[in-house]
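Peer 1: So the chains spell out like this:
There are 2 protein chains.
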Amino acid sequence: MRYLIKFSYDGTLFLGYQKQPNKRTVEGELEKALYSINNHKATRIYSSGRTDRGVHALGQTAHFDLEVNITLYKLKCALNSLLPDDIHVIEVNNVDESFHARFLVKKKTYKYYLNMGEYDPTRRNIIYQYNKLLDIDSMCYAIKSFCGQHDFKIFTSMEAVKTSYVRTIYDATIEVLGDLVVFTFTGDGFMKYQIRNMVGTLIKIGKGKLDKNIIDKLLNNELSNKYVYTAKPEGLYLVDVYY
Amino acid sequence: MRYLIKFSYDGTLFLGYQKQPNKRTVEGELEKALYSINNHKATRIYSSGRTDRGVHALGQTAHFDLEVNITLYKLKCALNSLLPDDIHVIEVNNVDESFHARFLVKKKTYKYYLNMGEYDPTRRNIIYQYNKLLDIDSMCYAIKSFCGQHDFKIFTSMEAVKTSYVRTIYDATIEVLGDLVVFTFTGDGFMKYQIRNMVGTLIKIGKGKLDKNIIDKLLNNELSNKYVYTAKPEGLYLVDVYY
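Order-wise, the sequence lines are chains A and B.
Here the numbering used here is used: the first residue of the first sequence is 1, the next is one more, and so on.
Here the numbering used here is used: the first residue of the second sequence is 1, the next is one more, and so on.
Next up, chain A with everything else stripped away, as it sits in the complex:
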């Protein structure tokens, strides 16, 4: 039987997402729990995609196959009792044998949280502590340039080698709630560092270090990637995966 799970995690104490020998990773912890549940049989999980080290998730998804017979409710309880307290399974569903958690993704939503106010030690690992005011109007103007279909190569990690860097962003917004700035991006897919690089560059615009029209020029390859800045991972959350 194939199962699809929706789960959340605090990225702070993981050495990344993907399984690696002798390293504490999100995938590794999930596969360890599934090994116990699936009669001590190595069980691979297939996620919607990886997240960078230090990045959080409130709605990550993955599928896996089990040989044992177990109800959805018992599987959720078993997973949550075996998993460490920084990973939590929100939902468990049965899916068709043809379902694939990565290949069938239609859209993903990410949020990035930034604090413009006083440094808050209680939120230091879950909200980026920028601790200075930003020019929100410039950032709201600039973020619109990301919407639509573009070649995002300049906004990805140099390590990311892809056949195509063309992605579509359906929606990109900035909300301000007191000192908190929330960036939301929904798109058909995001590459390594892409959101952190888009947010990092928007922050430089909000700081007045970059012109608010620079995004269009970067997307049109009129400028080098030295104008692209990477925002810290701790403000970033994968919030939803749509199929």
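In short, the hints are calculated from the structure, not lab data.
Each hint should be verified, as a subset may be incorrect.
Pairs count within a copy or across copies, as identical chains cannot be separated in the list.
[Said to hold, decoys possible] In silico DSS-like links for lysine-lysine, alpha-carbon gap of 30 angstroms or less:
no., residue 1, residue 2
1, Lys-132, Lys-74
2, Lys-162, Lys-226
3, Lys-74, Lys-232
4, Lys-111, Lys-132
5, Lys-41, Lys-74
6, Lys-153, Lys-232
7, Lys-76, Lys-204
8, Lys-207, Lys-6
9, Lys-32, Lys-132
10, Lys-212, Lys-144
11, Lys-76, Lys-207
12, Lys-209, Lys-74
13, Lys-162, Lys-212
14, Lys-153, Lys-192
15, Lys-76, Lys-232
16, Lys-209, Lys-76
17, Lys-23, Lys-217
18, Lys-217, Lys-162
19, Lys-76, Lys-132
20, Lys-217, Lys-232
21, Lys-153, Lys-41
22, Lys-41, Lys-162
23, Lys-132, Lys-6
24, Lys-204, Lys-74
25, Lys-207, Lys-74
26, Lys-76, Lys-226
Assemble the complex: chain A is given as a structure, and chain B must be docked to it using the hints.
Peer 2: Quick look at chain B alone, frame taken from chain A:
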């Protein structure tokens, strides 16, 4: 010169508030930083009061005396550069030699955060993960009984030996923001475990396990303390100290 500081901390990784040999405490870290600033002279700090292990602060206060000459701005910078990233100095002020951060407290405000929604691993150390719905109306009714002057002995820790357990609570409220419940208490002083015991008992009322009129009976010593429950520390924040 005497200085008054306002500071915040994340209680998660401290083994309590008060200095203890070979233990990482909030007071210990502050005194270590002040030792460096005050020409390697042992410098005691006097806080508005302790907080329990695991409890956070967004507006704790303390005073201390320095022999060195240093501007307020430089003192703030020096402290924040020497302190670990889970303590942060928000404000530094000069005060009169007669000022005392504990004896002159007029009021304190504490907040307690509880999540009624899905378990959130990213907030597990800073919001109590209750993860079930509560009857807010009963709790709002019951919390009013705490307001005014009462003998709170039944709501303090058995260890707390005081000459008087009489305290005044000026304001006690519950706000609901989606799945988040925020309890706010302002009073002339709170004893060990007092707020956690008040909140823990309110939670049992919200759960339907205790009658909503029980607070009056407990405050009037008509019932034993077996009806008093202690809420977990991670939801509690000292937010303001008034002089």
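Peer 1: Look at each hint and say if it fits the structure.
Peer 2: How the hints compare with the structure:
{"no.": "1", "hint": "Lys-132 to Lys-74", "verdict": "between (47 angstroms within a copy, 19 angstroms between copies)"}
{"no.": "2", "hint": "Lys-162 to Lys-226", "verdict": "within (21 angstroms within a copy, 64 angstroms between copies)"}
{"no.": "3", "hint": "Lys-74 to Lys-232", "verdict": "between (37 angstroms within a copy, 27 angstroms between copies)"}
{"no.": "4", "hint": "Lys-111 to Lys-132", "verdict": "both (20 angstroms within a copy, 25 angstroms between copies)"}
{"no.": "5", "hint": "Lys-41 to Lys-74", "verdict": "within (18 angstroms within a copy, 60 angstroms between copies)"}
{"no.": "6", "hint": "Lys-153 to Lys-232", "verdict": "within (19 angstroms within a copy, 48 angstroms between copies)"}
{"no.": "7", "hint": "Lys-76 to Lys-204", "verdict": "between (43 angstroms within a copy, 26 angstroms between copies)"}
{"no.": "8", "hint": "Lys-207 to Lys-6", "verdict": "between (37 angstroms within a copy, 28 angstroms between copies)"}
{"no.": "9", "hint": "Lys-32 to Lys-132", "verdict": "between (42 angstroms within a copy, 28 angstroms between copies)"}
{"no.": "10", "hint": "Lys-212 to Lys-144", "verdict": "within (11 angstroms within a copy, 52 angstroms between copies)"}
{"no.": "11", "hint": "Lys-76 to Lys-207", "verdict": "between (45 angstroms within a copy, 24 angstroms between copies)"}
{"no.": "12", "hint": "Lys-209 to Lys-74", "verdict": "between (53 angstroms within a copy, 27 angstroms between copies)"}
{"no.": "13", "hint": "Lys-162 to Lys-212", "verdict": "within (28 angstroms within a copy, 62 angstroms between copies)"}
{"no.": "14", "hint": "Lys-153 to Lys-192", "verdict": "within (10 angstroms within a copy, 57 angstroms between copies)"}
{"no.": "15", "hint": "Lys-76 to Lys-232", "verdict": "between (32 angstroms within a copy, 25 angstroms between copies)"}
{"no.": "16", "hint": "Lys-209 to Lys-76", "verdict": "between (48 angstroms within a copy, 27 angstroms between copies)"}
{"no.": "17", "hint": "Lys-23 to Lys-217", "verdict": "neither (40 angstroms within a copy, 54 angstroms between copies)"}
{"no.": "18", "hint": "Lys-217 to Lys-162", "verdict": "within (22 angstroms within a copy, 69 angstroms between copies)"}
{"no.": "19", "hint": "Lys-76 to Lys-132", "verdict": "between (42 angstroms within a copy, 17 angstroms between copies)"}
{"no.": "20", "hint": "Lys-217 to Lys-232", "verdict": "within (24 angstroms within a copy, 52 angstroms between copies)"}
{"no.": "21", "hint": "Lys-153 to Lys-41", "verdict": "neither (40 angstroms within a copy, 56 angstroms between copies)"}
{"no.": "22", "hint": "Lys-41 to Lys-162", "verdict": "neither (33 angstroms within a copy, 59 angstroms between copies)"}
{"no.": "23", "hint": "Lys-132 to Lys-6", "verdict": "between (35 angstroms within a copy, 19 angstroms between copies)"}
{"no.": "24", "hint": "Lys-204 to Lys-74", "verdict": "between (48 angstroms within a copy, 27 angstroms between copies)"}
{"no.": "25", "hint": "Lys-207 to Lys-74", "verdict": "between (50 angstroms within a copy, 25 angstroms between copies)"}
{"no.": "26", "hint": "Lys-76 to Lys-226", "verdict": "neither (46 angstroms within a copy, 34 angstroms between copies)"}
In the structure shown, a violation is registered for the earlier hints numbered 17, 21, 22 and 26, in ascending order.
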